[in-house]
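S.K.: If you want the building blocks of each chain, they are given just below.
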Amino acid sequence: MSTDKKLFSGFTRRDWLKSLAGLPILGSVWAAGLDTTKKSKLEKELLLERLNIKASPPPPSGSMAGDPVRVGLIGFGIRGEQLMRALGFATQEWQEAMAKSSQENPNDKRLEDFKAQENLNVKLTGICDIFDVRAENALRSFNTPDNPCKRYDSYLDLIHSGDVDAVIIATPDHWHAPMAQAAVEAGVHVYVEKPMTHTISETYMLRDAVRRNPGTVLAVGHQHRQTLSFLTAQDAIAKNTLGHVSLVVTNTNRNDDNGAWQYPIHPDANTETIDWNAFLGNAPYEPFNKEHFFRWRKWWAYGSGLSGDLLTHDYDRINCVLNMGIPKYVTASGGIYTHRDGRNVPDVMQVNMDFPEFSTGSSQESGKEQGMTLVYSATLGNQFDRGTVLMGHDASMELGNILTIYADPRSTQYKDMIQEGRIDPSVPIYQYDPSADGVDAVTSATAKYFANKGLLWTYRDGKRVDSTFLHIREWLSCIRNGGNPSCGINEGFEEAITAHMAGLSYKIGRRIEWDAENEQVIALPGEDLDAILLDNTVNYQS
Amino acid sequence: MSQPQPLSSAQTTALVLLRLLVGWHFLYEGVIKLYTPSWTAKGYLLSATYMESLFHWLGSESMISIVDTLNIATLLFVGAALILGFRTKLASILGIGLLLLYFFAHPPFPGHPQGATEGSYWIVNKNLIEAVALLVVYLFPTSLTFGLERLFHKKEIQTQSH
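Same order as they appear, the protein sequences are chains A and B.
Take the first sequence: its position 468, counting from 1, is numbered 468 in the numbering used here, and each next residue is one higher.
Take the second sequence: its position 36, counting from 1, is numbered 36 in the numbering used here, and each next residue is one higher.
Derived by calculation from the structure, the hints in this document are not laboratory data.
What you are looking at is a predicted structure, and each value in this text was computed from that prediction instead of being measured.
The beta carbon of each residue, even a glycine, is placed where N, CA and C say it ideally should be.
There's no promise every hint is true.
Stated by the list, open to error - What the simulated footprint calls covered on chain B by chain A, stretch by stretch (three residues with Cβ under 8 angstroms from a Cβ of chain A suffice, anywhere in the stretch; the number is not a length): (1) 98-112; (2) 135-148.
Unchecked claim - In silico EDC-like cross-links for lysine to aspartate or glutamate, where the CA-CA straight-line distance does not exceed 16 angstroms: (3) A:K38 with B:E61; (4) A:K100 with A:E118; (5) B:K33 with A:D113; (6) A:K109 with B:E61; (7) A:K18 with B:E61.
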């Protein structure tokens with residue numbers, strides 16, 4: 001010690017100051033940083049505590065153990081191929097194309113994801129497609145010693161073969177209900193693409209068939225039900241976070257020919273390779289027409305346009321969160337404005353669905369607020385991303401993969417916190433990214449920028465989540481372990497009736513009303529609503 | 001060779017000030033990140049617009065926690081060293097390295113997407129300017145005048161004279 005003292009004996013106060021003055025600066029900067037983070041953490045915790053939203057991804061569906069489920073596929077088109085991959089079956093051609101694509105672009109993880117996908121313990125035992133090229137393509141890849149797979153010329157042969165426990169239906173819309181009903185009545189489980197039916201009467205018939213056969217599981221292909229943020233959204237609604245929601249806006253924006261259903265026409269398509277009468281089924285007679293076969297979504301005779309094809313997804317997403325059921329009134333307008341190519345379904349369509357008695361809750365005096373409109377707005381000529389927003393008196397919720405809530409500047413519920421400056425209406429009060437770690441409030445602009453680009457995502461158990469895969473898995477789990485699929489016959493019934501009301505309103509040009517008590521779409525005297533819905537002759541362009 | 005001109009005291013003060021302010025900035029960034037457990041450079045790295053393969057590797061699942069820890073540790077060390085006036089040469093070099101990584105992940109080069117920035121930049125941005133400021137700090141050490149090193153320096157002189 002004494003030598004130390006000696007060592008510094010030549011030190012003046014000035015020397016000490018110049019040597020050690022950095023220390024208080026260091027201390028101040030450190031303390032300031034600590035204080036800032038502490039304060040913002042406290043504010044966040046206070047807000048999250050006040051909102052008290054339970055953030056949870058949906059529980060995974062049940063075990064896939066046991067005997068393999070024997071699945072038959074009806075319709076190996078574009079969607080059929082996607083569903084088969086979700087089931088674990090990809091064609092050799094697709095795998096080769098993806099291997100090449102990932103060589104050129106290392107970020108293309110489609111093949112890697114497919115190979116990492118959980119084995120669903122199924123056998124693909126039968127396939128039915130009325131276009132030889134597609135059926136043979138499926139057999140070439142899927143009929144292996146491990147998985148013997150047979151082609152059936154008719155869907156009835158497939159359903160009654162005794163070789164399938166379940167069928168996946170990915171055909172044009174006008175075949176959904178007849179096939180689903182035949183399968184259900186034969187005790188075969190069904191996964192049917194949306195819309196569940198093509199007419200109002202089919203919707204009742206299919207529901208009756210399912211009610212008569214409670215042992216069969218029917219799931220409708222609204223894979224958006226598996227979106228990981230939906231349970232959290234439901235809880236936010238239940239906790240009255242948004243107050244009274246008076247308006248919900250959803251939309252479709254596409255701007256390419258493929259998105260407008262201008263699918264490629266196969267060069268080998270002819271009357272020899274396609275069973276044209278089997279395609280037509282109950283549709284009005286039409287001589288062999290390749291365009292109708294490959295681009296069937298463009299005509300009311302086989303498809304249902306924007307209302308059946310895409311509105312159904314958005315309606316079902318909202319119905320999943322709000323559970324508001326069938327709208328009392330539906331008003332639709334639109335036209336063929338972007339693809340005047342001979343189609344008769346609209347490519348621009350706006351649908352207003354009114355629920356005058358529905359309420360998500362209120363923060364104001366009782367009786368002041370009630371009723372909600374769900375707006376579906378679509379164009380196939382622009383792809384600006386508008387997002388889905390639930391608009392309440394107290395807050396707005398942006399619903400996507402990430403769930404974001406903004407307080408409303410005129411909110412009653414958050415008035416105090418806004419006045420105290422603790423809530424800034426331009427900054428989210430709540431954000432849930434199911435793939436990131438936990439929940440955040442008051443997110444910084446940059447964090448939001450990266451989150452919206454999807455860059456901060458990790459995946460469930462380290463694997464990328466594919467909603468179609470989860471949806472099929474859920475259906476298989478109900479078949480194996482019991483339980484009801486998230487989009488079963490009742491949800492399908494509501495989806496189908498709503499879509500048909502929208503199609504009818506567009507075609508008739510009148511507000512269409514649902515009589516909830518008698519479960520009926522109200523028709524004027526002498527009006528045959530299904531005939532109007534199916535009418536394929538009218539060209540609404542004029 | 002002519003002898004370099006000794007620095008005037010105003011010049012030395014300016015250099016000390018530069019060193020302190022850069023240190024201040026580094027330290028504060030480091031402290032904020034240290035006490036914000038959810039903070040990660042992942043988004044910044046994965047959205048890199050230049051030398052993508054390097055930055056995507058740094059941002060990958062296996063690397064990101066090491067990268068985040070090293071980033072915070074380096075920010076804190078550089079900040080503390082520059083403020084205290086201790087090991088400022090090493091700190092300057094590390095600081096320049098860190099800033100160049102930030103710079104090259106999202107360089108304001110013509111034709112490169114700019115993402116979220118608060119100003120307008122062409123080729124040069126604040127990261128690059130701060131890196132050059134650190135080069136000056138490296139080339140004109142001032143910790144003997146103002147900093148902990150003065151202590152050891154004095155000690156050496158005194159030990160020798162005894």
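S.K.: So, for every hint listed, does it hold in this structure?
M.R.: Checked hints:
1. Coverage of a stretch by a chain is defined here by at least three residues with a beta carbon nearer than 8 angstroms to that chain's beta carbons; for the stretch 98-112 of chain B and chain A the count is 0, and the condition is violated.
2. Residues of the stretch 135-148 of chain B with a Cβ under 8 angstroms from some Cβ of chain A number 4, which satisfies the need for three, so the listed coverage holds.
3. Taking the CA atoms of K38 (chain A) and E61 (chain B), the gap is near 28 angstroms; set against the 16 angstroms cutoff, the hint is violated.
4. For the proposed pair K100 (chain A) and E118 (chain A), the alpha carbon gap of about 23 angstroms is over 16 angstroms, so the pair is violated.
5. Distance restraint check for K33 (chain B) and D113 (chain A): the Cα-Cα separation of roughly 33 angstroms exceeds the 16 angstroms cut-off, and the hinted pair is therefore not satisfied.
6. A hinted pair counts as satisfied when its Cα atoms are at most 16 angstroms apart, and K109 (chain A) with E61 (chain B) qualifies at roughly 15 angstroms.
7. Note on K18 (chain A) and E61 (chain B): the hinted pairing is violated, with a Cα-Cα distance of about 45 angstroms set against a maximum of 16 angstroms.
When each numbered hint is compared with the structure, violations occur for hints 1, 3, 4, 5 and 7.
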